[in-house]
Amino acid sequence: MRYLGLIAFGIVFILSGLAARGLAGSSGGHIELGQLLLMGGYPLVSAMLLLGWLLGRYPLIATLVLLAGVISRDRHNGHARIYASRPTTMLRIYAPRVLLLAFSAFLLSAILMPTFDVIMLGQWNGPSTLVLIACYVIAYTGLITLLSVFTRGEAWLTLLLAVTAMVWDALRRGGLLDNAPPGIAQVVAFILPPQGALFRVETAFAEMQPLPWASVGYVIGYGVVTLIAAAVFLEDREL
Amino acid sequence: MVENSFIRFDRIGKRFGGRPRGGGGGVEALRNVSVSFERGECVGIVGPNGAGKSTLFALLLGFLRPSSGTVRIENVPPRDYARARGYGYLPELFDLPSEWRVADALDALARLDGLIDHPEAEASRVLALLGLDEHRNKQVGALSRGLLQRLGIAQALLGSHELVVLDEPTEGLDPLWRIRLREIIQTLKTPERTIIIASHELAEVELLADRTIVLDRGEVRDFLAMNMTGETRTVRIVLNEAHDAVEQAFPQLVRHEGREYLVQVETAADLTQRIAALIEAGGVIEAVSPAEGLEERVRRTLDAGSVS
Chain A
1 MRYLGLIAFG IVFILSGLAA RGLAGSSGGH IELGQLLLMG GYPLVSAMLL LGWLLGRYPL
61 IATLVLLAGV ISRDRHNGHA RIYASRPTTM LRIYAPRVLL LAFSAFLLSA ILMPTFDVIM
121 LGQWNGPSTL VLIACYVIAY TGLITLLSVF TRGEAWLTLL LAVTAMVWDA LRRGGLLDNA
181 PPGIAQVVAF ILPPQGALFR VETAFAEMQP LPWASVGYVI GYGVVTLIAA AVFLEDREL
Chain B
240 MVENSFIRFD RIGKRFGGRP RGGGGGVEAL RNVSVSFERG ECVGIVGPNG AGKSTLFALL
300 LGFLRPSSGT VRIENVPPRD YARARGYGYL PELFDLPSEW RVADALDALA RLDGLIDHPE
360 AEASRVLALL GLDEHRNKQV GALSRGLLQR LGIAQALLGS HELVVLDEPT EGLDPLWRIR
420 LREIIQTLKT PERTIIIASH ELAEVELLAD RTIVLDRGEV RDFLAMNMTG ETRTVRIVLN
480 EAHDAVEQAF PQLVRHEGRE YLVQVETAAD LTQRIAALIE AGGVIEAVSP AEGLEERVRR
540 TLDAGSVS
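These protein sequence lines map, in sequence, to chains A and B. FYI, the working numbering numbers position 95 of the first sequence as 95, with every residue one higher than the one before it. To convert, count from 1 in the second sequence and add 239; that's the working numbering.
Read the hints as simulated data drawn from the structure, not as lab findings. Be careful, since some hints might not be right.
Said to hold, decoys possible - Every beta carbon over 12 Å from chain B, so not counted as near; a handful from chain A, in silico:
1. Leu-18
2. Leu-54
3. Ile-61
4. Asn-77
5. Gly-78
6. Leu-100
7. Ile-220
8. Glu-235
To be verified - Which bits of chain B does chain A cover? Going by a derived footprint, with three or more residues having C-beta under 8 Å, they are:
9. 301 to 309
10. 348 to 357
11. 431 to 440
Note that this is a predicted model, so its numbers are computed, not measured. Ideal Cβ positions, reconstructed from N, Cα and C, are used throughout, including at glycine.
Bound conformation, chain A alone (with noise of 0.2 Å):
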């Protein structure tokens, strides 16, 4: 059913960008947002432009929906009982399911995004896109299996999270927060998930400039590192 609703999700962004394409589509094989302009007006390019900042987030969103309840729903029915009666860890119970549905947004962002690109832009940006892909679904899948061990809100935690680090991450770009006693915007930006690095991967990526690896580096070890808390209050949380 979640795959289906993230199906469907990505069928209305390939529509939309087929009917932006069909309305004004350049011989360069890109979309021309001022033929568009003169169509729709400010509403119909905002509403493209937001079409693909939501694109952008699409990786977030298929992990957070495939995600949600990984370890909180088998708690909160009893089903983790079951499971641990079994002369087995709990982490050999997870890990596998954990990576396959990690795997499964991956795999359906990985089809969406590219896709979309090649209806708006004319062109692939190559395997950056995949590293972009892996970066937003490492990153909140290791924060997202965390937060579940400990509780059934964690999809509505992580999506909080993501919004506070955008928004935190913003604010820290545009010089908002020079004033913030020292120390106190970095330790906010180090708590909070990865976006100042995510930002900087997205931004080397719609410039078409060599990725920043380091950031890339950063993101992946959030992800790896939250995966690992998870793992190990997995194992010695109350059930």
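Please arrange chain B on chain A, whose structure you already have, making use of the hints.
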């Protein structure tokens, strides 16, 4: 409490909610519980709702950590024991993902159990044992309460674990399957295996358990031996007509009303010997039964607890 018991609860307390580090408040589910379970015994846990039976199980199986005291199975914490050996467990409200199919669910759970050599064959065995063969392709969500309970029992019997814990195993079962379950549990009894059963069905516990622990309001109220060793028992004997030989055969005569006698004996052998003497003397026996069943004994224990 025996030091080298298979399972040891040592002054266990469990509090839900409240302030940390014993700061009070919250609900005290268990209080200073010290019990032990030996290999090869079948123990019943009885008590009213909210007595702490399920919490006791959750601590025993390592799902919860005690607020005070220690639990050990083979001298290791329960969670460590479970990771290494596993156990058969039927929760009070058994459930699995509703979209799973019966046979697939058992197969998947058997595969999780690293100690089972042939998971598929083991899943088929318990499927047949619990009469689920004809329901093998049904989804869990489509099962009736009784079938779901049988599936729960089936998964608890996967493998050959030394510890089997059944929380309300007869819940939802029809009379025929209650009898069948009793037979199955009898076959599970081996010198190596400990079986612990919590149930409101005292008659079932009486038939299955070697001893019974009475829990009430988070405390152990009594340990009741179900066999005839270790304590004097009162037995009701009904003859076809009153006979003087009863007084000679049973010097510890408690009461006599018409052709019904209440007598005290020490052991099963003692009872057999005295009944033989009574028959020898011409007594014709219509019935021999415990003067006080588990239900009366538990009620008396709980009543005494509520008075105190």
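Hint-by-hint comparison with the structure:
no. : hint       : in the structure
1   : Leu-18     : holds (34 Å)
2   : Leu-54     : holds (30 Å)
3   : Ile-61     : holds (23 Å)
4   : Asn-77     : violated (6 Å)
5   : Gly-78     : violated (6 Å)
6   : Leu-100    : holds (14 Å)
7   : Ile-220    : holds (30 Å)
8   : Glu-235    : violated (8 Å)
9   : 301 to 309 : holds (count 4)
10  : 348 to 357 : holds (count 5)
11  : 431 to 440 : violated (count 0)
Hint check: violations occur at hints 4, 5, 8 and 11; the rest are consistent with the structure.
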